[in-house]
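Q: Listed below are the residues making up each chain.
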Amino acid sequence: MTEISPAAARDLTKTYGTGDTAVPALRGVTADFGRGTFTAVMGPSGSGKSTFMHCLAGLDRATGGHAYIGGQDLSVLDDRELTRVRRDRIGFVFQSFNLLPTLTAVQNILLPLDLAGRTADPAKLAAVVGSLRLGDRLDHRPAELSGGQQQRVAIARALVTGPDVVFADEPTGALDSQSAATLLDFLRRSCRELGQTIVMVTHDPIAASYADRALLLSDGRIVDELSDPTPDAVLGVMRSLAA
Amino acid sequence: MTAVPRTRFPMARNALAELRLNPHRVIAVVVAIMISVGYLTASVTVLAGESATFEQSVIARTAATDVVVTVGAGDPAEHAALATRISTVAGVASADLSFLSQGRVTGSSDWVQQQSVPANPKLRWADLTEGRWPATPGEIVLGSVTARQLNLDIGDRITINDRNSSATLTVTGLAHEGNSLLSGLAPRSFVAPSFYSVAGSIHTSLQTEILVIGDGTVTQDQLAARVTAVAGGDRVETSAGFTQRKLAEKTQGVFIFQLLLLVFGAVALLVGSIMIVNTFLILVAQRRRQIGLLRAVGAGRDQIRRGLLVEATAIGATGSLLGVGLGVALAACVAAVLDGEFALPAGQVAAVAAVGVMIAVLSVLVPARRAVRIAPLDALRAVADPATERRTSLARRAGSLGLIALGLAAIGLGFTDTTVALLYSVGGSFVCAAGLLSATGLFLPPLLRGLGSALRRTGPAARLATDNAVRNPGRAAATGAALMLAVGLVVALQVGAAGMKATADGNLDVRYPVDVTVSMFDGALPARATGDIAAVSGIAGAAGVRSSRVTVRGGGKPRPVRVLGPGADAMAVVSGLHPPVSAGVVLADPYLLDEIGLRDGGPVTVTGRSGSVTLPVRADHLAPDEGLVVAPQVLATLDDGAPVGTVWAKARPGADVTALRSQLRSAVEPLTGAEVGGGLSAKLMYHAALDRLLALTTMLLAVAVLIALVGVGNTLGLSVLERTRESALLRALGLQRRQLRGMLAVEAALLSLSGAVAGIAAGTFFGWIGTHAVSGQLNLENVRFSMSVPQTLTVAAVAVGAGILASVLPGRRAARATPVEALAER
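Chains C and F, in that order, give the protein sequences. In terms of this note's numbering, the numbers along the first sequence are unbroken and rise by one, the last being 243. In terms of this note's numbering, the numbers along the second sequence are unbroken and rise by one, the last being 1826.
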């Protein structure tokens, strides 16, 4: 590792429960996510892809191995330091329930900065809001926004802090195909144009095709890796896994 | 073919499963019912024990007696003769006289009751714990509690003064005296019958009875009939009948206390039911999807409603059972501490428990109405923000405001000069308070927002907390209303008591112009008395006043009274601004004026040892009880040799009255026959009585405040459950655990602060109204408004502090979950 990568996993394991009821979810995953790359983490249900993301992003603690964000080993951090890493160095986009219902769109976007006691760079906020076409929606509350708009607000929130890496967990799962395409296109552009590192968990081959690389997980291990994946290539690997 | 089990009560099973699986959601409701029911149970049980203790003391005195003859006022010699006559009646074993009187102990304002103990050992009903029974007129036995209060022991001497006599007695023993919570029993002492009947005794019995014991040959009723034939006009009763009459006369005090306890119990129940309704509304909102699912798979509206009723009944029954246990345990402790009787009024306790269950069931009716409106489709709607509550309807707002206006109008009428002012004030206050409570939805959310905006600057956690506190205005209003009611009542009482104290102080200056008086019934005080009294620390000045005994003649019979002639030095120690007594007027105790049938301003003739005057009379409290005040030169006309028989003294403002009284007592002790009086004791008694009442009522209302605070914790706890995913999102985005806990603490503080602020404002207003109304009823003038800022701030601090404390458990719960666990929870 010559250059410090924004996110990396070394022999990451996670086991739920103990003794007879122990269920291994990750069985030693090692991966590097280079700066400015857009990676799709794929796999069938129960493959461990969500667990992998949770451990890598400091949302959950791994049982063994190490997760690094910007070179910082998360396994040595206490809850307070881990929370700070999430706040300052990671952006999140979840499948649903991304926004606080009591806050307006712009308040939601600025929430991580607010929690850190920082103020937003107005130029950066304007750029993010403009490119996501949220300008006329800023004072609306989540209940007044469509699903696609809500997810775009979530992406704006993830980008506005300038994080080392953005984790997206099935970001298009609850969207119609048109909104999903707009959203994925925006993620790809922010990777290409802004050099933003993105890790996206998905089970949708079309969504994965927007990424530079696809990692395929099965039974808690990385079983394959595709560069510049196409939907057909991904589908092919997925079928072979299911077989 | 397999047999399919049929469930008879599917909704009941669902409801009970819900309770089993999620007990923490209803635990606060159970606690609220437990506290209310426990409080009421303890009240009725303690009162039953008190009544039993009281009955024992009434029954004990005549337990060995068969017939009681109550003799009217008259010559003691005639009473003795009657007793002798009765003892010769066939079937009578013995007939003994029993006397009762009351007197004030020298050097204190304490009244002690003297009961004679007949020589007949069968009639010595009290237990002697130490020493021996009084045998001569100069001996006395004190009740053990009374002796402790007066700080007297065997061998000590005690001086007791009644209206026209004074006696110094030696304590020869102590008798067991049950302690009573309600002080329904007066401080008690026992003297020998000869105290009243010895030749030349001037002690008057207030109530004389002849206790008759039969020889067992006839029944009580027959014996009573035979005694009646001898006794003539006096009242003859069997001892059973006598006891019953005494109990009926004396349980009045217990009854008033019972009423007070029950009123406060009702307040606790009201606060509890506001909280229970609120909790069920939250539960219904949280179970929207679940109820929708039940409707989708075929549950009818009735079944949904029945399920909730079963749940409420189970909760009510659990809370009531626990409450009865708690209350009985408490009452048993009280009985043990007071060494009193313990009696369990099973019927009343059962009724209280039933009320607990009923409150729970009634409280669920409104939430149930909302639950049955949930559509099956709601099961399918994924994102449910329960914040969508109906806004307060226009009709309800108008109703609330109408009630407030009506109440205010009635209160306004109470300020005008009408005979039913108290009724207007009290009724108006109730109506106005009901309006305010139903209007909490209108003013509490803006108040929350206003209080929150002050906190917004302190950080993101406070900002989020403010938003959360007002996102569900109905819920916040109901939580605040419960607290507002409880805090409002406490503050109303505090302000009322403070106002009454200030008003009474002003009126006491007029009513009791002299702080301390030391006076002889007749004759002179020793020359050094004035100096001794002036030397007592806390006394600002003392002056001797010449006095004499005169005869006053108005419309009716001539009457012997005391007359004082205060000089300029004596007028200088009078409180307030009292003009010097003019030589052309006689000032009389207003009550005396009434008694002898004189009208204010009419002429009165006063005859003394050396002369007589006829002057207009005026009512003035400067005159001693049943006495007169004239100018010194008028007194010289009436009695040219009038000695200094009275000392007037003024207390230093803010002097320690208790210390002053105890020093005064030792200064006056050697002066045989001197009696201490004056407004200082009365003022102290007023203050002590008000303070005791305030402490008692505050303690009783603390139960309501406690329930309201449980409600704050409950609302918060349930909101935290409902916002689990939101908390998780915040944690994922970088909110520290500490900040999350802080956020909930701020939310709790805002909820309790808004309730407390509204309660204090309302309580201050109603307390002032109450002071005004009660003062008017007592004919006090110049009503003053007063409130104790430290007291009120303490209430606010307790409410807010306890509110924050109530956020600890929900806060820990919310902070414990890792973001992933919480995000996964659907």
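Just so you know, the hints here were simulated from the structure itself, not pulled from any lab data. For clarity, every value in this text was computed on a predicted model and none was experimentally measured. Be careful, since some hints might not be right.
Ranges between beta-carbon positions, derived for each pair [unchecked claim]: (1) F:T1458 to C:I4: 32 to 42 Å; (2) F:L1021 to C:T63: 49 to 59 Å; (3) C:G162 to F:L1793: 47 to 57 Å; (4) C:A22 to F:L1793: 36 to 46 Å; (5) F:M1699 to C:T63: 53 to 63 Å; (6) C:Y16 to F:V1297: 43 to 53 Å; (7) F:R1020 to C:A22: 20 to 30 Å; (8) F:R1369 to C:D73: 53 to 63 Å; (9) C:D32 to F:R1373: 28 to 38 Å.
We treat Cβ as the ideally placed atom computed from N, Cα and C, and that holds for glycine.
Q: Against each hint, give a clear statement of whether it holds in the structure.
A: The hints, checked one at a time:
1. F:T1458 to C:I4: 32 to 42 Å: holds, 37 Å
2. F:L1021 to C:T63: 49 to 59 Å: Once the Cβ atoms are compared, 30 Å apart, the range 49 to 59 Å for T63 (chain C) and L1021 (chain F) is violated.
3. C:G162 to F:L1793: 47 to 57 Å: Once the Cβ atoms are compared, 48 Å apart, the range 47 to 57 Å for L1793 (chain F) and G162 (chain C) holds.
4. C:A22 to F:L1793: 36 to 46 Å: violated, 57 Å
5. F:M1699 to C:T63: 53 to 63 Å: holds, 55 Å
6. C:Y16 to F:V1297: 43 to 53 Å: 32 Å Cβ-Cβ, so the 43 to 53 Å window is violated.
7. F:R1020 to C:A22: 20 to 30 Å: Because 29 Å falls inside the window, the suggested range holds.
8. F:R1369 to C:D73: 53 to 63 Å: holds, 57 Å
9. C:D32 to F:R1373: 28 to 38 Å: violated, 56 Å
Checked against the numbered hints given earlier, this structure breaks hints 2, 4, 6, 9; the rest are met.
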